[in-house]
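Residue numbers (the working numbering), protein chains in the order written: chain W, 1 to 374; chain B, 375 to 748.
Since the hints were made in silico from the structure, they are not lab data.
Every residue, glycine too, gets a C-beta built ideally from N, C-alpha and C.
Heads up, a few of these hints could be off.
Said to hold, decoys possible - Beta-carbon label-pair distances, calculated as ranges:
no., chain 1, residue 1, chain 2, residue 2, range
1, W, Asn21, B, Arg715, 38 to 44 Å
2, W, Asn2, B, Ala422, 18 to 24 Å
3, W, Glu223, B, Glu436, 28 to 34 Å
4, B, Leu616, W, Glu319, 23 to 29 Å
5, W, Asn2, B, Glu711, 31 to 37 Å
6, W, Glu179, B, Glu490, 47 to 53 Å
7, W, Ala38, B, Lys378, 29 to 35 Å
8, B, Asn714, W, Lys15, 40 to 46 Å
9, B, Asn727, W, Lys331, 53 to 59 Å
10, W, Glu125, B, Asn689, 54 to 60 Å
11, B, Ala422, W, Asp153, 48 to 54 Å
12, W, Ala38, B, Leu688, 54 to 60 Å
Claimed, not checked - For lysine-lysine, the following DSSO-like pairs were computed, each having C-alpha atoms within a straight-line distance of at most 30 Å:
no., chain 1, residue 1, chain 2, residue 2
13, B, Lys416, B, Lys426
14, W, Lys299, W, Lys310
15, B, Lys458, W, Lys219
16, B, Lys609, W, Lys4
17, W, Lys358, B, Lys384
Number of protein chains: 2
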Amino acid sequence: MNYKYYMPTKVIMGKDCIVKNSKLLKGLGKKALLVTGAHSAKANGSQADIIKALESEGIDYEVFDKVMSNPTIKCVYEGAEFAKEKQVDCIIAIGGGSPMDAAKGIALLAAQDITEDKLFSGDYEAIVLPMAFVPTTAGTGSEVTQYSILTNDKAQTKMSIATELIFPKVSFLDGKYMEALGVTTTINTAIDALSHSVEGMLSVKASTISDALAVESIKMIMECVPALLKALEKKDTSVITLGMRDKLLHASLLGGMVIAQTGTTAVHAMGYSLTYFKDIDHGRANGLLLGEYLRLVEKEQPDLAQVIIKAMNLNQVDELIELMNTCFGEKEVINIEEINRYAHLAIQTKNINNCLVKPNEADIKEMFVSTFLK
Amino acid sequence: MNYKYYMPTKVIMGKDCIVKNSKLLKGLGKKALLVTGAHSAKANGSQADIIKALESEGIDYEVFDKVMSNPTIKCVYEGAEFAKEKQVDCIIAIGGGSPMDAAKGIALLAAQDITEDKLFSGDYEAIVLPMAFVPTTAGTGSEVTQYSILTNDKAQTKMSIATELIFPKVSFLDGKYMEALGVTTTINTAIDALSHSVEGMLSVKASTISDALAVESIKMIMECVPALLKALEKKDTSVITLGMRDKLLHASLLGGMVIAQTGTTAVHAMGYSLTYFKDIDHGRANGLLLGEYLRLVEKEQPDLAQVIIKAMNLNQVDELIELMNTCFGEKEVINIEEINRYAHLAIQTKNINNCLVKPNEADIKEMFVSTFLK
Chain W
1 MNYKYYMPTK VIMGKDCIVK NSKLLKGLGK KALLVTGAHS AKANGSQADI
51 IKALESEGID YEVFDKVMSN PTIKCVYEGA EFAKEKQVDC IIAIGGGSPM
101 DAAKGIALLA AQDITEDKLF SGDYEAIVLP MAFVPTTAGT GSEVTQYSIL
151 TNDKAQTKMS IATELIFPKV SFLDGKYMEA LGVTTTINTA IDALSHSVEG
201 MLSVKASTIS DALAVESIKM IMECVPALLK ALEKKDTSVI TLGMRDKLLH
251 ASLLGGMVIA QTGTTAVHAM GYSLTYFKDI DHGRANGLLL GEYLRLVEKE
301 QPDLAQVIIK AMNLNQVDEL IELMNTCFGE KEVINIEEIN RYAHLAIQTK
351 NINNCLVKPN EADIKEMFVS TFLK
Chain B
375 MNYKYYMPTK VIMGKDCIVK NSKLLKGLGK KALLVTGAHS AKANGSQADI
425 IKALESEGID YEVFDKVMSN PTIKCVYEGA EFAKEKQVDC IIAIGGGSPM
475 DAAKGIALLA AQDITEDKLF SGDYEAIVLP MAFVPTTAGT GSEVTQYSIL
525 TNDKAQTKMS IATELIFPKV SFLDGKYMEA LGVTTTINTA IDALSHSVEG
575 MLSVKASTIS DALAVESIKM IMECVPALLK ALEKKDTSVI TLGMRDKLLH
625 ASLLGGMVIA QTGTTAVHAM GYSLTYFKDI DHGRANGLLL GEYLRLVEKE
675 QPDLAQVIIK AMNLNQVDEL IELMNTCFGE KEVINIEEIN RYAHLAIQTK
725 NINNCLVKPN EADIKEMFVS TFLK
């Protein structure tokens with residue numbers, strides 16, 4: 001029994017938790033940089049709540065709202081320059097995984113000079129701007145992880161800054177910001193969270209703690225799936241209640257706590273290419289591949305696969321694959337040349353070393369083929 | 375859904391984890407104060423491992439080995455004076471709950487002046503000496519909590535310093551230091567950990583996270599119980615393997631993570647008097663009362679009581695009471711006047727406010743009577 005547990009972020013959850021707990025922002029700094037995407041933080045009320053809380057604590061702020069989906073290295077360097085120019089001393093991220101992951105890179109780069117070739121090296125000084133996070137989707141778990149996933153055009157994939165420095169100091173979770181999320185985003189992000197918890201259980205770093213959280217998270221997400229499918233079928237999100245939004249947010253929090261301990265596995269490794277080359281949403285990419293990877297795991301570790309399938313309240317891996325097909329509808333067209341290329345990229349990622357059942361390049365190719373060509 | 379999760383201590387677990395991870399001590403300071411009891415840290419190898427790690431990192435140290443069982447307020451003021459005199463800048467606690475809880479008080483009092491009447495007020499400056507912890511019993515969970523439980527002779531009970539400041543920076547968990555623990559201590563501490571996890575599930579602050587950890591912890595302890603009973607019967611600890619020591623240590627870690635979120639309940643509130651006035655070991659006191667409290671809970675929340683009993687792999691509360699009787703043998707003699715007094719003290723503790731099912735003074739009296747006079 002050898003392992004480490006570490007997740008130092010303070011998590012505050014509940015309705016209006018930002019405004020009610022504004023004093024927690026007090027210790028962060030005197031001038032904050034709000035890091036967001038272009039629209040949703042303004043539309044869903046989260047940015048307004050943060051501003052209200054900052055004003056009540058007498059904290060000044062600037063806004064950097066230029067984070068795109070799957071943020072680039074260029075974006076975080078730009079944000080860091082802006083942070084330095086405006087002399088902010090803390091960062092507040094509001095949004096889905098993209099603004100949150102970008103904010104971590106910005107917080108690091110605003111505090112110390114790191115050249116682009118060293119950005120993913122892990123070789124940093126122990127300084128960073130303190131951060132508060134407000135997730136406005138329920139999937140990434142970035143609010144409780146030490147990862148900043150950025151698009152690296154040179155490497156033609158996503159890569160991770162992974163350092164304990166970039167755990168946020170505090171994260172505020174309030175499902176009300178998710179009420180206007182569309183069905184597709186809600187499903188994609190929920191399945192991203194599901195993938196985190198399942199992959200955590202399939203990691204060499206899985207522990208009693210991460211497994212206990214993962215099983216709860218899987219159960220919570222699966223309890224919401226019938227309503228998600230109904231919303232998809234009726235094209236109407238009103239069947240997704242606020243209570244369900246909170247549950248999905250809670251489940252994604254647990255999924256984040258899981259991968260903070262375990263990292264992700266082959267599913268994420270493979271999914272990155274789908275996102276980079278085919279612009280397939282991250283959660284959707286994971287969901288499309290999850291069942292095939294679990295099928296591979298089942299061959300070597302049938303008991304473990306069964307524990308996961310049971311936590312999902314299913315009986316066999318095929319049912320998970322069917323369910324994902326129902327969630328995601330028609331699949332993208334991908335040819336065998338593309339698959340060969342993606343398999344070759346996936347096998348080189350760090351995520352593969354995390355796998356309890358390590359696929360080889362042929363296995364990875366086979367999983368892509370089963371997903372897209374059968 | 376309203377709650378907070380916070381447990382910022384880095385936990386390192388595994389054989390020889392102190393020496394293998396000595397670099398984690400590097401950031402704590404330049405001169406450490408080792409806080410221990412009189413004997414066990416020297417006898418079980420933990421102090422030698424810490425010294426080896428400190429020396430390999432070039433960190434100087436002093437030793438304060440005057441912590442008694444159920445440490446007093448006087449003891450922590452004395453330790454803090456010694457820390458200031460020796461100009462240490464960090465604290466390393468080695469031992470069971472007593473040295474660990476004392477070390478937290480010392481770390482706080484060495485960094486700031488707090489008068490005795492303010493010691494339990496929660497009103498502190500945000501400074502403390504950084505701490506590393508090495509538990510050498512598997513029960514308290516103090517290595518991952520924000521509590522320092524001290525004996526307050528003026529109030530004739532134990533009282534808690536409770537502040538996020540006193541979470542240790544890092545805790546090292548290695549079951550090998552427990553190999554020479556006697557049967558009685560092993561059982562008492564295991565049941566203390568069991569009580570933490572059960573009480574966590576009975577707290578108003580219970581959450582999905584704390585419940586998930588509590589259930590795992592309860593299962594792990596119950597898996598060790600047959601061996602503990604065998605060791606008790608044969609008066610031979612050799613049936614308690616190193617793997618089992620690790621499991622108990624792991625379970626007590628989870629129990630600590632649970633109460634860091636939930637606090638403890640009526641069981642601890644009642645147990646404090648048994649320890650203060652009758653010198654009954656803390657874990658034993660909790661164990662003797664746990665079944666009676668669960669019986670009270672069962673009347674109002676039968677489903678919750680069943681979840682806990684099932685996690686123990688038992689069928690009814692009576693079986694838990696029987697099991698505790700087997701673990702603890704003949705009970706201490708306590709008369710009705712004493713019970714009245716203890717009930718009156720217990721009802722005034724903060725722990726009662728944590729109870730999902732709040733006992734009144736008559737209920738508490740009845741639980742004592744059922745435990746000691748029937």
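Okay, the hints, checked on the actual structure:
1. In this structure, Asn21 of chain W and Arg715 of chain B meet the distance hint of 38 to 44 Å, their C-beta atoms being roughly 40 Å apart.
2. One distance hint, 18 to 24 Å for the beta-carbon pair Asn2 of chain W and Ala422 of chain B, holds here, with the actual separation near 21 Å.
3. Roughly 55 Å separates the CB atoms of Glu223 of chain W and Glu436 of chain B, a value that falls outside the hinted 28 to 34 Å.
4. Between Leu616 of chain B and Glu319 of chain W the Cβ separation comes to about 41 Å, which falls outside the hinted range of 23 to 29 Å.
5. The hinted range of 31 to 37 Å is not satisfied by Asn2 of chain W and Glu711 of chain B, whose Cβ atoms lie roughly 53 Å apart.
6. The hint said 47 to 53 Å for the Cβ distance between Glu179 of chain W and Glu490 of chain B, and at roughly 51 Å that hint holds.
7. About 32 Å separates the C-beta atoms of Ala38 of chain W and Lys378 of chain B, a value consistent with the hinted range of 29 to 35 Å.
8. Checked against the given bound of 40 to 46 Å, the beta carbons of Asn714 of chain B and Lys15 of chain W, roughly 44 Å apart, stay inside it.
9. Asn727 of chain B and Lys331 of chain W have their C-beta atoms about 55 Å apart, which keeps the hinted 53 to 59 Å range intact.
10. Judged by the Cβ atoms, the range 54 to 60 Å given for Glu125 of chain W and Asn689 of chain B holds: they are separated by roughly 58 Å.
11. As the Cβ distance of Ala422 of chain B to Asp153 of chain W is approximately 53 Å, the hint placing it in 48 to 54 Å holds.
12. The hinted range of 54 to 60 Å is satisfied by Ala38 of chain W and Leu688 of chain B, whose Cβ atoms lie roughly 57 Å apart.
13. Between Lys416 of chain B and Lys426 of chain B the CA atoms are separated by roughly 13 Å; this keeps the pair inside 30 Å, and the hint holds.
14. Of the pairs offered as hints, the one joining Lys299 of chain W and Lys310 of chain W holds, with about 17 Å between alpha carbons and a cut-off of 30 Å not exceeded.
15. As the CA atoms of Lys458 of chain B and Lys219 of chain W are separated by approximately 51 Å, the hinted pair breaks the 30 Å bound.
16. At most 30 Å may separate the alpha-carbon atoms for a hinted pair to count; Lys609 of chain B and Lys4 of chain W exceed this at roughly 35 Å.
17. Among the hinted pairs, Lys358 of chain W with Lys384 of chain B is consistent with the structure: their alpha-carbon atoms are about 28 Å apart, no more than 30 Å.
Against the hints set out earlier in the document, violations occur for numbers 3, 4, 5, 15, 16.
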